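Now for the letters of each chain:
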Amino acid sequence: MSAPVTERQHVAAPSRSRRARSAVPAPRAARVVEVPAQRTRSGSTRNTSSTRTSKAASPRSAAQRAYARRDDRLRRIVGGRVQKQAAPAGRAQFVLLVMVLLAIGLVATLWLSTAAAADSYRLQDARTATRDLSEQSELLRKQVAALDASPALAQRATDLGMVPSKNPARLVVGADGAVTLVGEPSAAQAPPPPPAPPAPPTDPNAQAQTPPPADAGAAGARTPPPADAGAQNPSTQAQAPAEPPAGTNAATEDAQSQADAGATPGGAG
Amino acid sequence: MPVAPPRSRPAGPARTAPPRRPAPPRSAPARAGDPSRRMKIGTLILVALLTLSLVKLISVQTFQSGSLTASSEKQRTTRLALPAERGSILDRNGTPLAFSTEASALVTNPRLISTQKGAQAAEYKQRMAAAVAGRTGGDPNALLAMLNSDKGYVVLAPLADPGAARELRAAFPEIAEEKRESRQYPGGSLAANVIGAASWNSGDKKLTGLVGLESSQDALLAGTDGYEVVDTAEGSSAIIPGSTRAQQDAVPGSDIQLTIDSDIQYTIQRQLQDYVAKTNAKGGSAVVLDAKTGEVLALANGTTFDPSNLAGADSASMGNAAVTSPFEPGSVNKVVTMSAALEYGLAKPEDVLDVPGSIKVADRTVNDAWKHGLDHYTLTGVLAKSSNVGTIMTAQKVGEDRFADMLAKFGLGQKTGIGLPGESAGRVPPRDTWSGSTFGNLPIGQGLSMTVLQMAGMYQAVANDGVRIPPRIVSSTIGPGGVRTVPPQAEPVRVVSPQTAQTLRGMLVAVTQDAKGVQRGTGAAAGVDGYQVAGKTGTAQQVDPSCGCYARSTYWITFAGMLPAQDPRFVIGIMLDAPSGGASAAPLFHDMASFIAARQQIPVGPPAPFQTLVAP
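Same order as they appear, the protein sequences are chains A and B.
Just so we're aligned, residue 280 is where the first sequence starts under my numbering, counting upward by one.
Just so we're aligned, residue 8 is where the second sequence starts under my numbering, counting upward by one.
Next up, chain A with everything else stripped away, as it sits in the complex:
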């Protein structure tokens, strides 16, 4: 940058008259302004020495003097600006404050965006967990409904060897505590093994489709007549006694509970 300056100083003398005649163009003036500023930055010693130089050079040409004067003038202007900048002592603190604020803002922004990213992962995890749980609850609801359905319950009772009783006898407890037997207790008959292989227990829908024929045993003993001529050929409810299957206990308990429920004054008679 200093190269053009020295160059110009060398050539200053020959071009002087041309310069003096023509008006200095605005861009040129701007270029000249830069020069002292650069010089000022290079050091204060240069400043004093150049002043000396200008005094020493006073016997030199008028052009040189004029240049020196202009440099002085410009130096005064620029020097004044430097003094102004240094004047307020609070500016450094203000700059520091702004820097601190900017740093805080930067850190906060970083922290917030990191937190947001982390939260988005947590949100994703929570959503996945919610979805899994709702799917699990739906699955469990399905299973509970399947196991709770009447056909499934009946199937499991049958698997345990229980047999529905067709004609349970009832015990009636009278007001005096006496127990009256109503009906003839007989063992419930186990149905013959179902002709079709039982449906897999996991599929209650299929179980309902092929219920085992429960009353096939009682069927043989009966010869039901046409309904309207029943008096002539009374049908009999005779059932061949059979081995008491596992369901008998349940049936008896059922009869007992019936008897309790049926302990009315009328029932006692």
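Hints are supplied without guarantee of correctness; some may be wrong.
Claimed, not checked - Cross-link-like lysine-lysine pairs, in silico, DSBU-like; alpha carbons within 35 Å at most: (1) K212/B <-> K421/A; (2) K421/A <-> K81/B; (3) K289/B <-> K378/B.
Unchecked claim - Derived coverage of chain A by chain B (criterion: at least 3 residues anywhere in the stretch with Cβ under 8 Å from a Cβ of chain B; other residues may be distant): (4) 347-353; (5) 382-388; (6) 411-420; (7) 437-450.
To be verified - Label pairs and their computed distance ranges (CB to CB): (8) D398/A <-> V162/B: 51 to 59 Å; (9) R401/A <-> T84/B: 25 to 33 Å; (10) G440/A <-> D358/B: 47 to 55 Å; (11) V162/B <-> L402/A: 17 to 25 Å; (12) T84/B <-> L385/A: 34 to 42 Å; (13) G429/B <-> D455/A: 31 to 39 Å; (14) I48/B <-> A394/A: 56 to 64 Å.
No lab work stands behind these hints: they were computed from the structure.
Note that the coordinates shown come from a computational prediction; the quantities given were computed from them, not determined experimentally.
The beta carbon of each residue, even a glycine, is placed where N, CA and C say it ideally should be.
Fit chain B to the given chain A structure using the hints.
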């Protein structure tokens, strides 16, 4: 030194320049090198450009603004459907009979797999078929055949669990998922003829009821789909956050609570189906009503189907014959004659009638079911032994008009309004079309038809002290907010006085009287130890379509009764369609009544008093 040349220079040109001098001012605008001129031209160009931009800006921002905004919105805006969950169907205790769960259909493009995988396609498809079969329970061979077909779209599993679908999709990126709703019927065929079935409708992208209540109550069960208008990125389904423009939440379908009790339903259904199978009947129906409220506790048919496997069900088994198929009731209808005779004070139960073996009505002769000479039956005996002749004699005392009136009061020839699809009103010949012999048929339950539900409704009126409450099966509907709505009930109908109903129940108890010899009722097999059972057997000849006459060998066998007779709580109606060789429905009634007595813990009552059926 520099002075001399300037002097000489202007002198030289000065001689030649004067003619030129005026030129520079004139030619100065023409010279491109002149800065001010360049400035002007530049400014003009800039101003022109700026004006153009301004014009375009105004045009875009004001005149085209509407259409441009609309088209940009159209490009971004996506309308997402928010499907409404279909309501459940519950039994009276809240046990679900039908409900919906989320499911996914797994679809893929076999042709694309073949092109992408090249030589490894066969092995890849085999792995895919095995994995899909393992997770969804499908047939691996069928899946492989599907994958090997040259199609652009195959459904590998119509209703896979969402979890399984996700895993399969992760393992095989070629598999895509389509959200569906799966209808669950945990009871299988339990009450299937009432509930019906719903299946996925790929056109509407929702479950649609096909038969039964699922179909007739589809609008209530389906709810209303919602929608959401959002912006999505171009070519993606990712929603731009905060871009929701309109949102209408889905209104889930209402739940329907039925009056059916699934335990009673299961047992009645199983007992009926077993009995139908045992007697080789073509079909059968049974209905259990609450005597006081007319609520249907069970409604079963001889044939049924599995609603979750509609493909395997034949259409005949999907109907609900108990409400859609009327039949001739036979002697069960004698209760109408007896009600009228008692109500109008024309006869008392112990009145003795001299009943011959046959009676001539107009041009026809009606016989009793068994051969006998002149016998002396009480009115109770006429009913208990189901004498056609004695009934017609009584009906003739009642008269045709009062009899027709009583038929109407019992609800015959009218729909019950139960709310099940395809209900039949049955058929009662209009009074003005009656011929002379009509009145010889109707009192004994021939020449008119009714459904099992109507038959049970008649006996419900007798059980409920003469007030007939039209049966209903929908207990309530439960709206989205848990709001319970009870559908409007039909008005109860006073059929006979409470006194008449009570007397009639006493006579009906004699039907199940289990005595020796002639004092035995026709329905003794229906009796339940410890309870008084009031009921009536019925046998009606079916019409032979080949000759249009009554067939000699095929019958509708019926039984309708109530339990316990002193204070009836349950009414059961049974019909068997053409069972083999003289089967009676009374033993089936016994089984059903015995179960209900135990299940509902009905108190044991005193034994029924002996009633004289045949006077000496």
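Cross-check of the supplied hints:
1. K212/B <-> K421/A: holds, 22 Å
2. K421/A <-> K81/B: Outside the cut-off at roughly 42 Å; violated.
3. K289/B <-> K378/B: The given pair, whose Cα atoms are some 29 Å apart, holds under the 35 Å limit.
4. 347-353: Answer violated; 0 residues pass the 8 Å Cβ test.
5. 382-388: Three-residue rule not met by the segment 382-388 of chain A, so violated; n is 0.
6. 411-420: Holds: 5 residues of the segment 411-420 of chain A have a Cβ under 8 Å from chain B.
7. 437-450: With 7 residues close enough to chain B, the hint holds.
8. D398/A <-> V162/B: 51 to 59 Å: Violated - the Cβ-Cβ distance for D398/A and V162/B, about 39 Å, lies outside 51 to 59 Å.
9. R401/A <-> T84/B: 25 to 33 Å: Since the Cβ atoms of R401/A and T84/B sit about 31 Å apart, the hinted range of 25 to 33 Å holds.
10. G440/A <-> D358/B: 47 to 55 Å: holds, 54 Å
11. V162/B <-> L402/A: 17 to 25 Å: violated, 33 Å
12. T84/B <-> L385/A: 34 to 42 Å: holds, 38 Å
13. G429/B <-> D455/A: 31 to 39 Å: Since the Cβ atoms of G429/B and D455/A sit about 56 Å apart, the hinted range of 31 to 39 Å is violated.
14. I48/B <-> A394/A: 56 to 64 Å: Holds: the Cβ-Cβ distance is about 58 Å, inside 56 to 64 Å.
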